[in-house]
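If you read the protein sequences in the order shown, they are chains A and B.
Note that the numbering used here has the first sequence beginning at 1, numbered continuously upward.
Note that the numbering used here has the second sequence beginning at 120, numbered continuously upward.
Don't read these hints as lab results, they were simulated from the structure.
Glycine residues also receive a C-beta, built at the ideal position from the N, C-alpha and C atoms.
One or more of the hints may lead you astray.
Here are some of the chain A residues that sit facing chain B, going by a computed Cβ distance under 7 Å [claimed, not checked]:
id, residue
1, Gly43
2, Leu45
3, Arg50
4, Phe68
5, Lys106
To spell it out: a stretch of chain B is covered by chain A in this simulated footprint if at least three of its residues, at any positions, have a beta carbon under 8 Å from a beta carbon of chain A; those stretches are [what the hints assert, rightly or not]:
id, region
6, 149-160
7, 193-207
Listed here are the chains, written in short residue letters.
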Amino acid sequence: AQKVTQAQTEISVVEKEDVTLDCVYETRDTTYYLFWYKQPPSGELVFLIRRNSFDEQNEISGRYSWNFQKSTSSFNFTITASQVVDSAVYFCALSEWVGSGGSNYKLTFGKGTLLTVNP
Amino acid sequence: EPEVTQTPSHQVTQMGQEVILRCVPISNHLYFYWYRQILGQKVEFLVSFYNNEISEKSEIFDDQFSVERPDGSNFTLKIRSTKLEDSAMYFCASSEWQNTEAFFGQGTRLTVV
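With the rest of the complex left out, here is chain B (with noise of 0.2 Å):
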């Protein structure tokens, strides 16, 4: 069954530091996303991705942050210079059309020391 596969399964960095989250979406699908979620907290929406451009992104994902589709199947969440607050799980999630389900990854653990 297809899935989507995040790399790595936990990362910790120092504040500062620069990150990139990789995911790799499930093959056919067309749109991606970023969410993330802080411990214990709900799942928050931060970046969809269509036709290789943000189609939309939230308050959260400021300058900090970026998305690229480097190659046919990668996609990657930079964070520029990482905070204490970045603390989180990161999702990656893809769907094949708008609004049919996303399936998500199993998340990324960022740990900013």
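Chain A with its partners taken away, still in its complex shape (with noise of 0.2 Å):
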């Protein structure tokens, strides 16, 4: 069974501080996708990134950056220079190839983690 563990319930920083969210996996699929969706005060889910099990290359977008460690089952999420508009909640995700067919996907999330960017 998959399963995504987020360690970090709550974090909280001063803006302009770098941080670093967590996320470990467990997948018995060679094939698996990862995912970090940002669900802000307002409760909607926003994709940020998705990265399949075969591309470990890290990848920067502005400000965030993700680090996928296949070796030690972990895709973490770094914003730096932190702003109050990154306060959310971040998740995890992991998702299995399963059938053939391709046709049966599901993400399992992880708990989250509460990000807070004080002024």
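From the two separate chains plus the hints, produce the assembled complex.
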């Protein structure tokens, strides 16, 4: 069974600090996908990134960066120079490729990390 | 920018009543999903839908739940006889292909009283 662990329940930082959100996953599959979603106080889920299991290259998008380490089953998310608008719950999620037809797809979410960025 | 839209944003219903949550997925997407999030908890998969049939469902998705794509644009989740524990935020999502990113709607907050 697949599982996603976000050990940090809450993190509080001061604006402009860098912050890393941890994500550890478990899966039996060799083909899988990892995601990060942001849930601001308004409640919607905002897609941030998708990474497949064959691509261990780290990715940077503006102030966001992601570190995928297959050897430790981790997919950590770093926000550089945090801003108040980054305050949200961040979810890491995992999907496995299920079924030869590929039509079975579901995300397993972690419990989320509440990030509070104080001015 | 195309987006998934859900209506209503908030629904209050009495225990035992039927409720239908509505979603309009992104138009060229082929895969549709419902997830729920009980307040303060993680997001949980309910069901996936492709080619006019359920492709996978979770243990939560029991006989009280059903999904339908009644026309070319809407995707609905019906709860036949709501229970207090059905109170949650329900998210609809769609993706273009299997395992591409799923885009979520803004959610419907269901409150069962």
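Verification of the hints:
At about 5 Å, the closest approach between the beta carbon of A:Gly43 and any beta carbon in chain B falls short of 7 Å, and the interface hint on this residue holds. Of the supplied interface hints, the one on A:Leu45 holds, with its beta-carbon coming within about 4 Å of a beta-carbon of chain B, less than 7 Å. A cut of 7 Å between beta carbons decides the hint on A:Arg50: the least distance to chain B is about 5 Å, and the hint holds. The interface hint given for A:Phe68 is violated, since its Cβ lies 16 Å from the closest Cβ of chain B, which is over the 7 Å cut-off.
For A:Lys106, the shortest C-beta to C-beta distance to chain B is roughly 4 Å, which falls under 7 Å, so the interface hint holds. Only residues whose C-beta sits within less than 8 Å of a C-beta in chain A count toward coverage, and the region 149-160 of chain B has 4 of them, enough to reach three; the restraint holds. Remark: the region 193-207 of chain B is not confirmed as covered by chain A, as 0 of its residues place a Cβ nearer than 8 Å to a Cβ of that chain, below the required three.
The structure fails to meet hints 4, 7 from the earlier list, while all remaining hints are met.
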